[in-house]
Amino acid sequence: MHKGNSQRGLKEIGIPILFFVGILIVWEVIIFLLHIPEYLLPRPVQIISEITVNFNSLLGHLGITMLEAVFGYIIANIIGFVVAVIFAHSKMVERGFYPYAIALQTTPIVAMAPLLVLWFGSGLASKIAVTAIICFFPILVNTIKGLKFVDENTIDLFKSYSANKWQIFVKLRLPNSMPYIFSALKISTSLALVGAIVGEFVGASKGIGYLILTSSYHLETAIMFAAIIISAIAGVLFFKVISFIEKKVIFWQKPEEF
Amino acid sequence: MESIIKVENISKNYDKLPVLDNINLSVKEGEFVSIIGPSGCGKTTLLKILGGLIPATSGDIKIRGSPVKVALERREFGFVFQNPILLPWRTALKNTELPLEIFGNNNPQISSKKLLKIVGLEGFENYYPKELSGGMQQRIAIARALTFEPAILLMDEPFGALDEITRNKMNLELLRVWKEEKATISAVIFVTHSIPEAVFLSDKIIILSKRPAKIEKVLEINLPRPRKVEVKYSKKYIGLVKCIREILKED
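These protein sequence lines map, in sequence, to chains A and B. Take 1 as the starting number for the first sequence in our numbering and just add one per residue. Take 1 as the starting number for the second sequence in our numbering and just add one per residue.
Calculated from the structure, these hints are not laboratory results. It is possible that part of the hints are untrue.
Stated by the list, open to error - Chain B regions said to be covered by chain A (calculated; three or more residues, Cβ under 8 Å): (1) 65–76; (2) 80–92; (3) 96–105.
As the list claims (entries may be wrong) - The calculated BS3-like cross-link candidates involving lysine-lysine, where the alpha carbons are at most 25 Å apart (straight line), are: (4) B:K62 / A:K159; (5) A:K148 / B:K130; (6) A:K148 / A:K91; (7) B:K69 / A:K171; (8) A:K148 / A:K248; (9) A:K171 / B:K113; (10) A:K11 / A:K247; (11) B:K6 / A:K159; (12) B:K249 / B:K214; (13) B:K242 / B:K169; (14) B:K94 / A:K159; (15) A:K148 / B:K94; (16) B:K217 / B:K62; (17) A:K248 / B:K94; (18) B:K114 / A:K171; (19) A:K247 / B:K130; (20) B:K94 / A:K247; (21) B:K28 / B:K179; (22) B:K130 / A:K145; (23) A:K91 / A:K145; (24) A:K171 / B:K94; (25) B:K69 / B:K28; (26) A:K240 / A:K145; (27) B:K235 / B:K249; (28) B:K130 / A:K248; (29) A:K165 / B:K94; (30) B:K214 / B:K16; (31) B:K179 / B:K113; (32) B:K69 / A:K165; (33) B:K236 / B:K169; (34) A:K247 / A:K186; (35) B:K179 / B:K228; (36) A:K165 / A:K148; (37) B:K6 / B:K179; (38) A:K171 / A:K247; (39) A:K159 / B:K69; (40) B:K130 / A:K171.
Backbone N, C-alpha and C define an ideal beta-carbon position, used for all residues, glycine too.
Let's have the full structure, built from the sequences with the hints guiding it.
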């Protein structure tokens with residue numbers, strides 16, 4: 001059992017790493033053969049050296065971006081959850097507000113970002129706001145779904161105990177909605193990074209978005225790649241952390257693959 | 001004996017579709033009554049009306065002289081449905097304790113642990129539903145229905161989803177549990193599709209007609225108790241099964 005697990009783990013990690021190394025080699029060879037200039041596509045070796053040389057500075061920028069992303073993420077998920085609970089309990093509130101929630105979702109976040117920077121300044125607050133808006137919809141929709149889609153028979157069971165609304169909420173609807181909630185929490189991890197970086201594009205003096213933008217002005221493409229790669233790694237880690245928590249919380253269900 | 005359930009002229013329509021048509025029946029204290037009828041005839045609807053989960057369109061039900069709603073609030077009904085309906089995030093024990101938690105009853109007469117033992121699940125208290133077989137899950141549902149010592153056990157095809165061997169075993173178990181808990185559970189209303197099951201378990205069988213269901217016939221089953229498997233080979237048992245089969249065929 002144990003051996004099987006570690007073997008599978010090795011395969012899970014080993015095979016992607018093997019492919020990664022393969023891709024890097026092909027990349028190097030292509031640049032060499034086609035004489036692609038460095039400002040269009042830097043060599044992997046350059047990117048790696050860029051990452052190692054500027055590691056602390058990159059980490060500093062990433063720290064800022066993650067701070068914005070995580071803050072916005074937390075705020076959006078708390079507010080989204082609370083609003084969903086209110087929606088699920090009041091048909092009238094839901095009817096009144098839901099169309100606007102959809103409108104907020106369908107408006108491209110990039111279109112709103114400059115406005116938010118205007119309102120909240122070029123500091124952290126505006127990025128947190130962009131992130132919060134982009135993360136708001138998944139948690140809202142999924143929590144409503146989870147609270148509402150409860151098996152009829154189980155409701156009958158609770159009714160047969162004359163359970164009150166609060167008991168049905170705490171003992172049935174809330175745990176029932178956990179898989180839906182975590183599905184939203186996982187989707188939002190990548191959205192959170194998008195929100196923070198888009199916010200930084202519009203106006204910032206630090207962060208991964210700022211770094212990407214300035215390096216593109218100076219045609220420092222290797223730095224740009226370094227920034228992209230490091231933000232991708234951070235996004236994967238963010239997702240993995242939430243997945244890990246999900247497995248602990250929803251222990252009764254096999255988590256869906258994402 | 002006193003009747004514990006008295007049903008007078010119950011009818012039920014879903015919108016304009018009539019489901020139950022003028023049902024009259026009474027159940028005595030200590031009686032095991034089965035309701036049988038063609039599928040889709042409204043057996044489940046009748047059971048849910050008896051237990052106060054849905055209202056009747058017209059007619060009157062009294063549980064020991066009180067309206068159904070009062071009896072429901074007094075927690076006189078223990079339901080067992082076709083599916084176990086366990087909460088997957090709770091262990092067997094925690095599922096069994098669910099009604100007690102809802103009632104705020106911290107001092108039940110019989111502990112949930114003991115009930116799990118009675119239904120044959122000793123040692124499985126900390127297992128989650130997904131780790132248990134269908135038959136074991138249904139046993140938890142039965143234990144759960146017994147925790148608060150309801151006066152009336154309402155069972156809606158509780159063994160319908162089980163294979164025949166498990167089903168026969170569960171029938172015996174049910175009779176055993178019922179006997180052991182007879183002090184508290186005074187009547188069992190048992191909806192089933194299976195004629196042999198109904199004859200084996202019951203004191204009385206209520207045969208419903210096609211929808212809209214009327215009472216086609218009420219049969220007293222005078223087989224001796226306690227019932228053993230051997231009853232099924234007796235002439236009387238076979239005769240009763242045949243008789244009910246004939247009645248249902250006519251429909």
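We went through each hint and held it up to the structure:
no.: 1; hint: 65–76; verdict: holds (count 3)
no.: 2; hint: 80–92; verdict: holds (count 6)
no.: 3; hint: 96–105; verdict: holds (count 5)
no.: 4; hint: B:K62 / A:K159; verdict: holds, 19 Å
no.: 5; hint: A:K148 / B:K130; verdict: holds, 23 Å
no.: 6; hint: A:K148 / A:K91; verdict: holds, 12 Å
no.: 7; hint: B:K69 / A:K171; verdict: holds, 23 Å
no.: 8; hint: A:K148 / A:K248; verdict: holds, 23 Å
no.: 9; hint: A:K171 / B:K113; verdict: holds, 21 Å
no.: 10; hint: A:K11 / A:K247; verdict: holds, 21 Å
no.: 11; hint: B:K6 / A:K159; verdict: holds, 22 Å
no.: 12; hint: B:K249 / B:K214; verdict: holds, 15 Å
no.: 13; hint: B:K242 / B:K169; verdict: holds, 22 Å
no.: 14; hint: B:K94 / A:K159; verdict: holds, 18 Å
no.: 15; hint: A:K148 / B:K94; verdict: holds, 24 Å
no.: 16; hint: B:K217 / B:K62; verdict: holds, 22 Å
no.: 17; hint: A:K248 / B:K94; verdict: holds, 19 Å
no.: 18; hint: B:K114 / A:K171; verdict: holds, 24 Å
no.: 19; hint: A:K247 / B:K130; verdict: holds, 16 Å
no.: 20; hint: B:K94 / A:K247; verdict: holds, 21 Å
no.: 21; hint: B:K28 / B:K179; verdict: holds, 16 Å
no.: 22; hint: B:K130 / A:K145; verdict: holds, 23 Å
no.: 23; hint: A:K91 / A:K145; verdict: holds, 14 Å
no.: 24; hint: A:K171 / B:K94; verdict: holds, 11 Å
no.: 25; hint: B:K69 / B:K28; verdict: holds, 20 Å
no.: 26; hint: A:K240 / A:K145; verdict: holds, 24 Å
no.: 27; hint: B:K235 / B:K249; verdict: holds, 21 Å
no.: 28; hint: B:K130 / A:K248; verdict: holds, 16 Å
no.: 29; hint: A:K165 / B:K94; verdict: holds, 20 Å
no.: 30; hint: B:K214 / B:K16; verdict: holds, 17 Å
no.: 31; hint: B:K179 / B:K113; verdict: holds, 19 Å
no.: 32; hint: B:K69 / A:K165; verdict: holds, 17 Å
no.: 33; hint: B:K236 / B:K169; verdict: holds, 21 Å
no.: 34; hint: A:K247 / A:K186; verdict: holds, 12 Å
no.: 35; hint: B:K179 / B:K228; verdict: holds, 13 Å
no.: 36; hint: A:K165 / A:K148; verdict: holds, 13 Å
no.: 37; hint: B:K6 / B:K179; verdict: holds, 23 Å
no.: 38; hint: A:K171 / A:K247; verdict: holds, 20 Å
no.: 39; hint: A:K159 / B:K69; verdict: holds, 11 Å
no.: 40; hint: B:K130 / A:K171; verdict: holds, 18 Å
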